[in-house]
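Going down the list, the sequences are from chains H and V. Start counting the first sequence at 2; every next residue gets the next number (the working numbering). Start counting the second sequence at 237; every next residue gets the next number (the working numbering).
Hint data in this document are derived by calculation from the structure and do not stem from the laboratory. What you are looking at is a predicted structure, and each value in this text was computed from that prediction instead of being measured. Idealized CB from N, CA, C, for every residue including glycine. Just to be clear, a hint being listed does not mean it is correct.
Simulated restraints, written as ranges between beta carbons of each label pair [stated by the list, open to error]:
#, chain 1, residue 1, chain 2, residue 2, range
1, H, Pro84, V, Glu253, 19 to 29 Å
2, H, Val55, V, Gln239, 33 to 43 Å
3, H, Ser83, V, Gln294, 17 to 27 Å
4, V, Gln245, H, Gln109, 18 to 28 Å
5, V, Arg274, H, Lys66, 40 to 50 Å
Chain V stretches covered by chain H per the calculated footprint, using a threshold of three residues with CB under 8 Å from any CB of chain H [what the hints assert, rightly or not]:
#, region
6, 279–293
7, 339–345
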Amino acid sequence: EAQVTQNPRYLITVTGKKLTVTCSQNMNHEYMSWYRQDPGLGLRQIYYSMNVEVTDKGDVPEGYKVSRKEKRNFPLILESPSPNQTSLYFCASSFGGVVMNTEAFFGQGTRLTVV
Amino acid sequence: GQQVMQIPQYQHVQEGEDFTTYCNSSTTLSNIQWYKQRPGGHPVFLIQLVKSGEVKKQKRLTFQFGEAKKNSSLHITATQTTDVGTYFCAGQTYSGGGADGLTFGKGTHLIIQP
């Protein structure tokens, strides 16, 4: 079954304690991205990756890191989480390049609370 | 950078009434996509529009892409309780290296009163 898998689904952590949210896709997609969703602000892109070892900043990258060592995985790293990073996070993947069918598949989401 | 504005932010309708949400992009798009997010769920792809002036239908849902490829709309006829959720548009452009990322509108929350 084609899917994007995020873990964990829920996480409560303390300020400053490093954490990683994993994302894995099984569709051989080139393009992967991370979004955060906050009330009234919609989906805002944090980072994206167009292929292995190619990553770039989205609209709200401050306080986050990513890596793309393998095509299927795109972890989101918060080196020193702060309360303003409390949010709902989504990972998404799609085909890149010149392929016209660039439908994005989303993971189930990770609800992060930083206290 | 590219911006996609979506209105309204919230829409309350009585069950059976129609519903429309609108998107406007600051730049000409290569395509526009629509997603639906049920309460507590994740965004799910509905459709992609590519051609200028394109109109597509999915049962009670009608999607339009403007002639200038800068605006789009989603219209739901005779809403049902299963239509509840947030509808997002997402614009995409193509640069020299291929498809750029999706720029999402803020979404329209559809609330249906029985």
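Checked hints:
1. Distance hint check: the CB atoms of Pro84/H and Glu253/V are about 40 Å apart, inconsistent with the given range 19 to 29 Å.
2. Range check, Val55/H to Gln239/V: Cβ separation about 24 Å, and the 33 to 43 Å hint is violated.
3. Between Ser83/H and Gln294/V the Cβ separation comes to about 42 Å, which falls outside the hinted range of 17 to 27 Å.
4. Between Gln245/V and Gln109/H the CB atoms are about 25 Å apart, so this pair conforms to the stated range of 18 to 28 Å.
5. At roughly 31 Å, the beta carbons of Arg274/V and Lys66/H sit outside the given window of 40 to 50 Å.
6. Interface restraint, the region 279–293 of chain V with chain H: holds (5 residues with C-beta to C-beta distance below 8 Å; minimum three).
7. Chain H is given as covering the region 339–345 of chain V, and this holds because 5 residues of the stretch bring a CB closer than 8 Å to a CB of that chain, at least three being needed.
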